[in-house]
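Trainee: Next come the chains, spelled out residue by residue.
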Amino acid sequence: MKLRHQNIADSIDTIQAVSVLLFTALVGGGSFCAGLLGSLTGLGGGIVIVPMLTLLFGVDLRYAIGASLVSVIATSSGAAAAYVKEGYTNVRVGMLLEIATTLGALGGAYLAGRIGTSAIAVIFALVLLYSAYRSMKPLAEHVSTDTAHPLADTLRLNSTYPTPNGFQPYTVQGVPAGFGLMALAGVLSGLLGIGSGALKVLAMDQLMHLPFKVSTTTSNFMIGVTAAASAGIYLSRGYIDPVLALPVMLGVLAGALTGARVLAGAKTTILRRLFSAVVIVLALEMLYNGIRGGV
Amino acid sequence: METPRTQRWSDYDVDQLLGNLLRIGVIIATIVTAAGGVLYLAQHGLEQADRRVFQGEPPELRGVRGIIGGVLALHASAIIQLGLVLLIATPVARVAMSLVAFILQRDRVFIVVTSIVLALLIFSLTGGVPG
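For the record, the sequence lines run as chains P and C. Residues in the first sequence are numbered consecutively from 1, following our numbering. Residues in the second sequence are numbered consecutively from 1001, following our numbering.
Please keep in mind that the hints were generated in silico from the structure rather than gathered at the bench.
With a cut-off of at most 25 Å between alpha-carbon atoms, the simulated SDA-like pairs for lysine to any residue come out as follows:
1. P:Lys213 with C:Asn1020
2. P:Lys137 with P:Leu202
3. P:Lys85 with C:Asp1015
4. P:Lys85 with C:Asp1011
5. P:Lys85 with C:Tyr1012
6. P:Lys85 with C:Leu1099
One chain only, chain P, in its complex shape (with noise of 0.2 Å):
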């Protein structure tokens, strides 16, 4: 592996000196922290998870990616079993969907065995500075009571939510373009081992103008599935470590839970901005790392 700057090869070299009980202490201190600050910031822990292993801790792309997919479903799952009991995810438009991100998760999961891993981490720095420019313009909320897309009335998606006055009902709209939408955000989940939950959102809000509390809680619920069927290519491929996903996976799940505690009445928004910026300096360096062809 060659290395292009002289402060992370010496990082590098110095963890990678370490013994095995030092290193899972650090690594699942790190993606403690990546969890806490996804969940404090909604971006989700996963996003950080793949450039914090391959820059800082020298870890294989393929291994991080391995070690990132089963901190998503870990993470995912434990949230949405929350918020499906509370009666905001929409679990018909979630089964409905999950059929175009568990397809683009195979297609994902097939490219990435195809296509070298400088293009991964090139896509991967988009990703992360798409994700940070979302995070910084929060999208308006376009809830529809108004007639709804007549696929939505045949699979019956249209539903209601918790709101302070009671069970507010929605209709659904836009549903193939959702759905497509949902597609690209498979693939980008299955190739980059990340939940693409900021995609999922655009796709319910913007086009399908679901509540933004039901597009958040529905787009977690889906994450599990969409991971996991990119999670067992990942394993039968011999890319996912044990001794590598123990600590992040355990460190994130803690991280999250922490921070769902923390949640109630945090203001977010410096800390939103300080995430926002430790991902685009991660894109940079992926894009630089990618471009130079040597991740």
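Based on the hints, put chain C in the right spot on chain P.
Mentor: Just chain C now, with coordinates in the frame of chain P:
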């Protein structure tokens, strides 16, 4: 719009069931992974870490059969991998449970939708996509 509560299984009941299933799956997977991790670190903690070079996992850590064989032999890395497989299986079990719920609700369209998703997941988990 909302499913009448008079049906044998309302959407509300299904939501509660799916929520519990996800929670239990994550808890069991976490316990198994952590137990394997403690065992692994006790045995190999002082060895040198090296994840820089990609070699790919050995065949016995790539499939359910090999992993179970390793677990029976009390190999720590196989126990961690079993926890990870249980975690991957959690959303799959959730989809299977949704399928049962849609069958009980006699919702034909969603029986088809859910079967497609389940088939795609099983295709992936049984190594259907060439490497």
